Amino acid sequence: YGTGEFDQAFSGDTPRLGVLQGKLGWRPLRYLGVEAEGGIAVDGDQVFLGSVKVGREYGGFALGYLALMQTVDVFARAGYISVELESSTANAQDQDSSGAGYGLGAIWYVGPLDVRFEFTRYDVENTADAYMISLGSRF
Numbered sequence: 020y021g022t023g024e025f026d027q028a029f030s031g032d033t034p035r036l037g038v039l040q041g042k043l044g045w046r047p048l049r050y051l052g053v054e055a056e057g058g059i060a061v062d063g064d065q066v067f068l069g070s071v072k073v074g075r076e077y078g079g080f081a082l083g084y085l086a087l088m089q090t091v092d093v094f095a096r097a098g099y100i101s102v103e104l105e106s107s108t109a110n111a112q113d114q115d116s117s118g119a120g121y122g123l124g125a126i127w128y129v130g131p132l133d134v135r136f137e138f139t140r141y142d143v144e145n146t147a148d149a150y151m152i153s154l155g156s157r158f
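Per the working numbering, residue 20 is the first one in the sequence shown, and the count goes up by one each step.
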């Protein structure tokens, strides 16, 4: 399967960052799967005397699924993520961080398309929460 989405990631005192993200996954068993994700910045945020945005991000996740009905599954996912933040402030440098990512979501199957609602917490240098809605397809 594959999905494409726009993510808005933020956490209390950190900037809001917009990321255009894609996922490719493989679900060999009804209840288990794996997926890779990657993304690039499409929107940054203003901080004191400059701006910050995601340069790139990528990761890998294991997923567990539970069918609620024939057209809706819920899932939990956990894995590893790497993020590069780009800063235009005078005193800050670009920053590479990596760490755990984990979250919950639901998938609604609408014909050949999937509509995915998801929350993921990224525990990298600073914790960031991402809320995502994506459109995908099974192949």
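There may be inaccurate statements among the hints.
[To be verified] Label pairs and their calculated CB-CB ranges:
1. Asn145 with Thr90: 35 to 43 Å
2. Tyr50 with Asp115: 12 to 20 Å
3. Gly74 with Tyr50: 34 to 42 Å
The hints are simulated quantities; they were obtained by calculation from the structure and are not laboratory data. On a predicted model such as this, the values are computed, not experimentally measured, just so you know. All residues carry an ideal CB built from backbone N, CA and C; glycine is no exception.
Going through the hints against the structure:
1. For Asn145 and Thr90, the Cβ-Cβ distance of about 37 Å falls inside the hinted range of 35 to 43 Å, so the restraint holds.
2. Roughly 34 Å separates the CB atoms of Tyr50 and Asp115, a value that falls outside the hinted 12 to 20 Å.
3. Look at Gly74 against Tyr50: about 35 Å separates their beta carbons, and that is inside 34 to 42 Å.
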